[in-house]
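Place chain B on chain A using the hints.
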Amino acid sequence: DAKTTQPPSMDCAEGRAANLPCNHSTISGNEYVYWYRQIHSQGPQYIIHGLKNNETNEMASLIITEDRKSSTLILPHATLRDTAVYYCIVRVRMDSSYKLIFGSGTRLLVRP
Amino acid sequence: DVKVTQSSRYLVKRTGEKVFLECVQDMDHENMFWYRQDPGLGLRLIYFSYDVKMKEKGDIPEGYSVSREKKERFSLILESASTNQTSMYLCASSFPRGGSGYTFGSGTRLTVV
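For the record, the sequence lines run as chains A and B.
For the first sequence, the positions run 43 to 154 when the working numbering is used.
For the second sequence, the positions run 233 to 345 when the working numbering is used.
Excised from the complex, chain A in its bound form (with noise of 0.2 Å):
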């Protein structure tokens, strides 16, 4: 199973980007590569998935290399509502469907 590799903890001023890295070398070529973020006492929310292209939603952007093996996760303006842990994961084939592999996460705390 592939996985992924996060710094535990990062900080960015309100109001700038925050841009999460994440190492997921030995990705396999059709595993997704998805987000998640954990707020304090709250069950992890989807934020975004991808396979090769970049991905833009209302919540972040993506930016995967092209050798799919790191991959960024771009907050284009926190806020303090975006302290939380995020997750980079590898979704894992299985026989008839899939799962997710969780890493450590970072801890992203947004400074006013």
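Worth flagging that the hints you see were computed from the coordinates, not collected in a lab.
Mixed in with the good hints, there may be bad ones.
What the hints assert, rightly or not - Below, in silico cross-link-like pairs of lysine to aspartate or glutamate (EDC-like), each with a Cα-Cα straight-line distance of 16 Å or less:
| hint | chain 1 | residue 1 | chain 2 | residue 2 |
| --- | --- | --- | --- | --- |
| 1 | B | 289 | A | 137 |
| 2 | B | 285 | B | 301 |
| 3 | A | 45 | B | 291 |
| 4 | B | 302 | B | 262 |
| 5 | B | 287 | A | 137 |
| 6 | B | 250 | B | 311 |
| 7 | B | 245 | B | 291 |
| 8 | B | 250 | B | 294 |
| 9 | B | 235 | B | 254 |
Same frame as chain A, but now just chain B:
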């Protein structure tokens, strides 16, 4: 708003008790999952199910079993609770291909004393 509902937010049980953690989803998802979350270890997959009456072991199934009699409900069972099963338990559901993501419940914090 779509939901995954876990029956209890906090639970305290005694060592040796049989414990049932219930999870219900209203999204008609085929897949359901149980994870546990511990400090420093992240989320670890216990069991999952991709159809009614189907179940598969995850990474740490020892000491647990599951039941999926109806599509919307997935139960995690601790046959004889032990103190090392004190943890946060998270249920999730998804369509088979995952698509736009997996929806998680708010979690059950179980303490075994």
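Hints, one by one, checked against the model:
Between residue 289 of chain B and residue 137 of chain A the alpha-carbon distance is near 13 Å, which keeps this suggested pair within the 16 Å criterion. Of the supplied pair hints, the one linking residue 285 of chain B and residue 301 of chain B holds, its CA atoms being roughly 6 Å apart against a limit of 16 Å. Restraint check for residue 45 of chain A and residue 291 of chain B: the C-alpha separation of about 14 Å stays at or below 16 Å, so the hint holds. Under the criterion of a C-alpha separation no larger than 16 Å, the hint pairing residue 302 of chain B with residue 262 of chain B is consistent with the structure, at around 10 Å.
Restraint check: the Cα-Cα separation between residue 287 of chain B and residue 137 of chain A comes to about 12 Å, which is no more than 16 Å; the hinted pair holds. Pair hint residue 250 of chain B plus residue 311 of chain B holds up; C-alpha atoms about 5 Å apart against a cutoff of 16 Å. Distance hint between residue 245 of chain B and residue 291 of chain B is unfulfilled; the C-alpha atoms sit about 24 Å from each other, more than 16 Å. In summary, the hint linking residue 250 of chain B to residue 294 of chain B is supported, as the alpha carbons are separated by about 15 Å, within the 16 Å threshold.
Restraint check for residue 235 of chain B and residue 254 of chain B: satisfied, since their Cα atoms lie roughly 14 Å apart, inside the 16 Å limit.
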